[in-house]
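Line by line, the protein sequences give chains S and A.
Per this note's numbering: the first sequence = residues 2 to 331.
Per this note's numbering: the second sequence = residues 84 to 394.
Bear in mind the hints are in silico, worked out from the structure with no lab data behind them.
Some hints could be false.
Distance windows between CB atoms, simulated [said to hold, decoys possible]:
# : chain 1 : residue 1 : chain 2 : residue 2 : range
1 : A       : Gly199    : S       : Ala5      : 35 to 43 Å
2 : A       : Gly279    : S       : Val115    : 54 to 62 Å
3 : S       : Pro136    : A       : Phe97     : 21 to 29 Å
4 : S       : Gly237    : A       : Ala264    : 36 to 44 Å
5 : A       : Gln166    : S       : Val115    : 36 to 44 Å
Partner residues are not named here, just some residues of chain S that face chain A (Cβ under 7 Å, in silico) [claimed, not checked]:
#  : residue
6  : Val185
7  : Arg230
8  : Arg246
9  : Asn247
10 : Pro322
11 : Arg323
Quick reminder that beta carbons are idealized off the backbone N, C-alpha and C, glycines included.
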Amino acid sequence: MKQALFFAGKKAFRALLLLLGVSVASFLLLCASPLDPLRTNVGQAALGSMSQEQVAQLEAYWGADQPPVERYLGWLAGAVRGDLGTSLLYRQPVLTVIGQRLGSSLWLLLTAWVLSGVLGLALGITAGAFRGRWPDKLIRGWCLVISSTPAFWLALLFLLLFSVWLGWLPIGLSVPIGVEEEAVTLADRLQHALLPALTLSVTGVSNIALHTREKLVDVLGSDYILLARARGEREGAIVLRHGLRNVALPALTLQFGSVGEIIGGSVLVEQVFSYPGLGQAAVTAGLGSDLPLLLGVTLVTSGLVFGGNLLADLLYGVIDPRMKRGEGRP
Amino acid sequence: MEPILEIQHLSISFHQYEKGFVQRELPVIRDLSLTLEPGEVTGVLGVSGSGKSLLAHALLDLLPYNSRREGTILFQGEPLTSQRIRKLRGKEIVLVPQGVTYLDPLMKVGPQLRKGRRDRGAREKVRSALARYGLKEAAADLYPFQLSGGMARRVLMASAVMDSPRLVIADEPTPGLDAKAASRLLGHFRELAAEGAAVLFITHDLELALAVAHRVAVFYAGETVEIARASDFPEGRLRHPFTQALWDALPQGAFRAIPGAQPYSGEVKEGCPFLARCPHPGNGCGQGELSLVPWNEGMVRCLYPHGEVMA
Ligand SMILES: Nc1ncnc2c1ncn2[C@@H]1O[C@H](COP(=O)(O)OP(=O)(O)OP(=O)(O)O)[C@@H](O)[C@H]1O
Ligand SMILES: [Mg+2]
């Protein structure tokens with residue numbers, strides 16, 4: 002019990018440190034940005050026709066008149082109290098904006114995450130089991146091609162193929178145009194999320210598949226597989242009974258660790274598909290110098306990534322018998 | 084009676100890449116011939132790294148992919164092909180492996196021994212195999228990391244005798260056991276032989292080999308230099324000077340070690356690899372390839388086997 006408390010305390014401390022670091026970093030990046038908030042958001046022409054007071058008012062609104070340190074500390078003081086401020090672009094509380102965006106992004110992220118995990122594992126196992134033979138070569142070749150293809154390019158390709166030529170799937174957005182909120186069905190949402198999710202997962206698949214293959218090849222070369230063969234177990238049964246079991250733990254770590262990559266990829270993919278999600282909000286906030294929104298999005302996404310890794314750690318303890326019974330990590 | 088296993092001129096080598104693309108053939112075992120009779124325990128004696136485990140794996144056709152095997156292996160008079168061995172593994176030909184790393188770390192002992200079967204019969208078989216080596220039924224419910232060294236040995240032993248094997252290949256099965264447990268284990272191998280199986284007992288320990296084996300094959304630098312009966316040792320009927328030196332180094336012998344070290348397999352290109360340490364070298368020992376020849380009811384790879392020089 003005491004150990005569990007210590008573990009939780011350590012993790013919480015790390016999480017705080019991480020969030021602090023990430024927020025400072027994104028704040029500094031925004032400060033260093035060459036974009037002038039007034040010129041980007043109000044426009045050169047409009048600015049020119051304004052009086053001195055009006056410009057000063059606008060500068061105050063965009064925070065351009067405050068020294069950076071003061072500005073950050075002001076934000077931090079609010080954030081500690083749970084108030085992430087108001088988005089300058091959307092004129093709504095940051096938490097509300099993020100809530101909406103996350104709502105639609107979640108479909109996309111979850112579908113992509115599950116798809117890439119399941120597909121990656123299946124492909125990796127197949128390649129490893131057929132090491133050196135044509136299924137292995139095929140899968141590995143495909144993975145290498147995919148992992149050296151930029152996600153946005155793939156997204157455009159999919160759009161052309163499935164939406165423009167074949168017309169099977171909608172071109173963009175997360176819900177049909179001109180339909181009331183209540184009338185949007187789950188099928189609608191899935192249909193809109195499918196193509197972006199596919200793009201996202203395809204790039205995630207190759208990483209998971211290649212790692213899984215490598216691990217399975219290691220496992221199949223191990224002593225206990227040799228004895229399983231010597232005991233007369235069949236090759237297929239060996240892969241399923243011993244291979245899968247020993248690959249599962251590293252695969253799980255990889256899967257939860259890939260949350261970060263999926264979120265990172267979603268920024269670009271949402272842009273291409275005009276999918277109104279968190280990634281798109283991040284881009285808008287960054288380009289529009291919307292400091293509160295950008296910091297808010299950064300906090301939430303780092304929290305998600307951290308949560309993914311934490312979950313992997315915890316699951317490891319539940320699943321690995323050596324950890325469950327208080328043994329050291331292998 | 085028909086021998087159970089006949090190994091004829093078995094050689095095992097690895098091809099390795101050294102420095103870029105230069106491929107090199109690395110011999111480990113050269114020209115090994117050995118016959119295993121039913122009811123007999125045959126010891127194979129070799130230092131660490133001499134290819135003992137490889138020999139065990141070669142007999143099961145489980146060599147690493149970068150290795151090559153030459154020679155013939157006959158099982159009950161017929162060539163042991165890849166197809167044939169696949170049907171015999173785990174049933175008629177079994178392996179008692181070298182260590183606990185041969186157990187799947189994430190699977191409980193019971194399911195491992197049952198090989199994926201779940202029926203009552205399989206459970207019963209596991210229970211009785213474990214009981215045979217003094218392990219309680221509860222041991223089936225443990226993960227390998229929860230076994231003590233001695234328990235792990237006995238589990239490995241139990242996994243080999245689930246059916247009644249004709250050939251038992253035991254790869255250094257005793258390290259980690261105290262003297263009492265070790266001698267009980269040796270007794271088990273004698274027992275298996277008494278039930279009509281042939282046992283190949285691999286070890287680096289001459290005393291151990293003499294305690295359990297009827298016959299002993301001695302490795303030197305990748306070659307079998309002598310095949311002797313266990314009784315040849317105390318009775319002074321040894322044929323090769325290296326075997327004699329091994330015996331002399333024991334307390335029962337003269338307790339006297341010979342100087343020098345064993346070369347690697349293939350390191351000595353020509354002649355007898357033992358020549359540099361031989362107490363009585365003769366003409367021609369430095370040239371050509373020596374072959375294993377019958378001598379005085381045993382086998383020896385020496386131009387001047389013991390007795391010749393003495394006379
Ligand atoms: N996959 C491999 N590739 C190259 N060389 C190998 C490979 N496996 C084993 N060897 C070499 O073959 C030799 C024999 O190995 P082996 O495991 O059979 O020794 P051993 O006699 O069983 O030793 P020990 O008593 O320590 O168990 C070693 O020198 C080792 O380096
Ligand atoms: Mg060995």
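Comparing the hints with the structure gives:
1. A:Gly199 to S:Ala5: 35 to 43 Å: holds (36 Å)
2. A:Gly279 to S:Val115: 54 to 62 Å: Holds, at about 56 Å.
3. S:Pro136 to A:Phe97: 21 to 29 Å: holds (27 Å)
4. S:Gly237 to A:Ala264: 36 to 44 Å: With Cβ atoms ~37 Å apart, the hint holds.
5. A:Gln166 to S:Val115: 36 to 44 Å: holds (42 Å)
6. Val185: violated (45 Å)
7. Arg230: Holds. Min distance 6 Å.
8. Arg246: holds (5 Å)
9. Asn247: With a closest approach of 6 Å, the Asn247 of chain S hint holds.
10. Pro322: holds (5 Å)
11. Arg323: holds (5 Å)
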